[in-house]
Every structure is written in C-alpha cells, then in structure tokens.
Amino acid sequence: MELKDYNSCVQEWADPLFRFAYKCTGNAEDARDVVQNSFEVLWQKRQEVYTDKAKAFLFQVAYRQSVDVFRKKGRVQYTEQPELSGSSNPGNPDLKRILERALAQLDEQARALVLLKDYEGYHYDEIAQITNLSETQVKVYLHRARKTLKNYLVSVENIL
Amino acid sequence: MNMVTLENYEAYIISYVDGELNAAELQELEAFMALHPELRSEMTAYENTRLLPDTSVVYTDKETLLKQAPKRSISLSQWRSYGAAAGIIALIGTAILLAQHTNNHVTTVVNVTVNKTTIQAPVNPIAHENPVKDTAMQQPAIAIVNHGTKARPGNTSLKPINRSTMTNYQNITPPSQEKTAADKPIEIAKTTVLPEPKTPSIDTVAPVKVQTAVTNTPAETMVANNPEEKDPFAWLPIDDIKKQGLKDLKKTVDKTVREVRSVTNNLKETALVFKFGKKEITLNF
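Respectively, the protein sequence lines represent chains A and B.
For the first sequence, the numbering used here begins at 1 and goes up steadily by one.
For the second sequence, the numbering used here begins at 161 and goes up steadily by one.
Heads up, a few of these hints could be off.
What the hints assert, rightly or not - Using 30 Å as the maximum straight-line C-alpha spacing, the simulated DSBU-like pairs for lysine-lysine come out as follows:
| no. | chain 1 | residue 1 | chain 2 | residue 2 |
| --- | --- | --- | --- | --- |
| 1 | A | K45 | A | K4 |
| 2 | B | K402 | A | K4 |
| 3 | A | K72 | A | K147 |
| 4 | A | K4 | B | K415 |
| 5 | A | K45 | B | K403 |
| 6 | A | K55 | A | K96 |
| 7 | A | K96 | A | K72 |
| 8 | A | K55 | B | K222 |
| 9 | A | K72 | B | K402 |
| 10 | A | K72 | A | K4 |
| 11 | A | K45 | A | K55 |
| 12 | A | K55 | B | K415 |
| 13 | A | K147 | A | K4 |
| 14 | A | K72 | A | K55 |
| 15 | A | K72 | A | K53 |
| 16 | B | K402 | B | K415 |
| 17 | B | K222 | A | K53 |
| 18 | A | K96 | B | K403 |
| 19 | A | K147 | A | K96 |
| 20 | A | K53 | B | K403 |
| 21 | B | K415 | A | K45 |
| 22 | B | K415 | B | K403 |
| 23 | A | K96 | A | K45 |
| 24 | A | K72 | A | K45 |
To be clear, the hints were calculated from the coordinates, so they are not data collected in a lab.
With the hints as constraints, model all of the structure from the sequences given.
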C-alpha cells in the first residue's frame, strides 16, 4: 500500500470506522482513540496490507480495540443523543431510539457482530475473519442477537 | 419437499434479514410465508432489528490521520557541515596555490642559508675573501657580475642583518659541526666562486644561479652546468652519446627533485588555522 492509498482509506473509511467504534463503545472519545490507533497500525503495516484488504484490516483492529475498551470499562450506558436522533431513520425516530436501547442489551461481541453485518454489510465468512471467530460461531451469535433485539422491540411495542 | 418448516423458519427469517439466503432458499421462504400468513408480523419484527448506518456520526479531524510525503530537505546543521567542509577545502587549495606561486618566500629562505654558508665556510678561501656574496645573493646575477666589487647600495637594508649574522657565525670555527645546515651551503660557496677566473662565463652562469636560488638547491644545478665538473659517467664503458643521454636524464631527475623539495620545504613552514566559533583547528604541513 502506497501513501496515496493510505490517505484514500482515511477519506473513505474514517467515518464508518468511527461510527462502528462509537456504537461499540458508546463513547465518542474512546471511538476517536480506536480510529486513530487503527489507522496508525495500518500505516505501520502498510507494506504488508493490500489496498483491497485495508477496510477489513481496519475493522479487525477496531473490533479488537473496541471490545478491549468495552471490557475495561464494563457495559456502556447508552444515552439519548439528541443531535443524532432521527438522522438514520427519519421515518420512524421512535424505532431508532428503541433500537439504541435494544443494542445496549447485547454484549459487546454480539453488538459488534450486528454492526458489522448491518452497517458494513459483511457476510458471515468475512465477519469470521475480522473477529477471528468461525463462520458457524458468527451465525449462531448473530441469530441469537437478532432474537434478543426482536424480543426487545416486540416487548416495547406491547408496552406502547 | 419443503426445507422450511415450523421448526426452522425462524432461522430462515434471520438469515433472510442478514441477507445470507441464496435464491432457492429465498424462494422457499417466500412459499412458506405464503402458507403461514400469521408469521408475517414476526418476520416484520425481525426486519426491524436491521440497523441503518447513522450517517450523521462522522470523524471530524481526518486531516490528523492523513500522512504527508517525506520532504527531501537538508537540515541547517547539515548545511553548516557542508559549508565548513567547502571552506576548508577552498582554504587548503588556496594555500597550496599560494605556496606554489609565491617563490619570494623560498628565495628569502635560500638567502638566509647562503648567508650562513658564506660565513660558515672560512675553510674556503675564496668564499671567505668575498663576504659580499651574502648580499649579492639577494640579486645573484648582478652580484656575480660585479664580483669582487662592493655591495650594491640598494642592498644596504640587508647588510645589518647579514653582518650581524656574520659576526655570529664567525665565532664558529668548525663549520662541519653544523653538518646538516652547512652541507649544501658549502657547495654553494664553492660553485659560486668557481667561475671567478673566467669572468666572461659568469654572465651565462648567473641566470642559472637565480633559478637555483629559487629552488633552494643551487649546488646541484651549478655542478651539473659546470663544464669543469667531472663527468660522473666517464667510467662507464659506453658511447659518448649514451653518456650524454645519461647526463640529460640526470639533469631532469635533479630538476624534479629540486621542485619537490621546494614544495615540501614550503609546506613544512605552512600552517592553516580555522576558527569555528570557539573551536580552532590548526593544520600543520
């Protein structure tokens, strides 16, 4: 990977990486640290990383660091983010807030898997490479996470 | 036979939400859901668990992550080093050029030596009779033409020095004690007085003497040019033509040796001092 390829990765993947880290850790400062460390590792390993694999490499580093940060600090407490509400799902802002809370019910690993699946559209085998899990484990963990999220949504709808 | 059943339909729905079903599996799920419309709400609930990227969350300082190409520049300290090296080289070159072209300095040295020689050689009666030579060596050609006459008035400025030197050296009776300093001058004294009986030939010898004074080894040239000098190759059983060739070769070698000695003698008395701030570098040759 050359210098221009690295800088292109910064322009293209800094936002998705920060988004992923932010949703994983629930903290903007921790997410910034994760992004900076991930790109620094990429720069140091640029001679070994192909450009088309740079995104997976970045998310691999970010996944490990996000999980580590989360494990050090314990379960994050998702709070209302007024400036963010309604931006991703303008048609149903209530559903977005409910999903935010539902996401907080998951453990850090399941949350990261859901984010990799829904935010980045990775397949099971790709997520397995990023998280260093088997494809079967990824499928099982993701199905379990979906059921948890669905049950939370159904329960909230019943209350509402 | 349907692969989707009431026992595994939930897994199919989740795989559908995850986008992991192939076309055949998707078709089977659609057929199954058509047969079980009561499961539609559950399927919708799973579809609602799909997260959408929050595009409003962005990393604001991407510039801090970007890398710049390394600049090819030379630091100031390196420029200083290069400048100092260039200055030293230029000064050394200038000093060498000056040493090669400044023959006056060499002439002065030779004169001092000749003065010593003339005075140090009381054993040579001719040299002793002509103390004028110490001043005559300042301008050898004229001095020898005026051989036996008084010293030129123009050289009076040098006389006190020469006389004082003379008085100092007159007390030195055995000249052989200063062997290293007196070897060459003795020869000079001999050679300078050799043409004395033949006055007409002195004019031809005198220019040569000027050259020898400059090269600081006048004796060798004088000996080589002296027709009365013994032929060093006379004993060789070879033709006269070959002997003449050997003589020419000897003259060339002698000339080269004299030039080398002249440069080395100058360099021995040359020192360069460079000052870099508080540091001082002295180069002695």
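Consistency of the hints with the structure:
no. : hint              : result
1   : K45(A) - K4(A)    : holds, 15 Å
2   : K402(B) - K4(A)   : violated, 80 Å
3   : K72(A) - K147(A)  : holds, 27 Å
4   : K4(A) - K415(B)   : violated, 69 Å
5   : K45(A) - K403(B)  : violated, 82 Å
6   : K55(A) - K96(A)   : holds, 27 Å
7   : K96(A) - K72(A)   : holds, 27 Å
8   : K55(A) - K222(B)  : holds, 16 Å
9   : K72(A) - K402(B)  : violated, 103 Å
10  : K72(A) - K4(A)    : violated, 35 Å
11  : K45(A) - K55(A)   : holds, 13 Å
12  : K55(A) - K415(B)  : violated, 81 Å
13  : K147(A) - K4(A)   : violated, 43 Å
14  : K72(A) - K55(A)   : holds, 25 Å
15  : K72(A) - K53(A)   : holds, 29 Å
16  : K402(B) - K415(B) : holds, 20 Å
17  : K222(B) - K53(A)  : holds, 20 Å
18  : K96(A) - K403(B)  : violated, 117 Å
19  : K147(A) - K96(A)  : holds, 17 Å
20  : K53(A) - K403(B)  : violated, 89 Å
21  : K415(B) - K45(A)  : violated, 70 Å
22  : K415(B) - K403(B) : holds, 18 Å
23  : K96(A) - K45(A)   : violated, 37 Å
24  : K72(A) - K45(A)   : holds, 26 Å
In this structure, the hints that do not hold are numbers 2, 4, 5, 9, 10, 12, 13, 18, 20, 21 and 23, in rising order.
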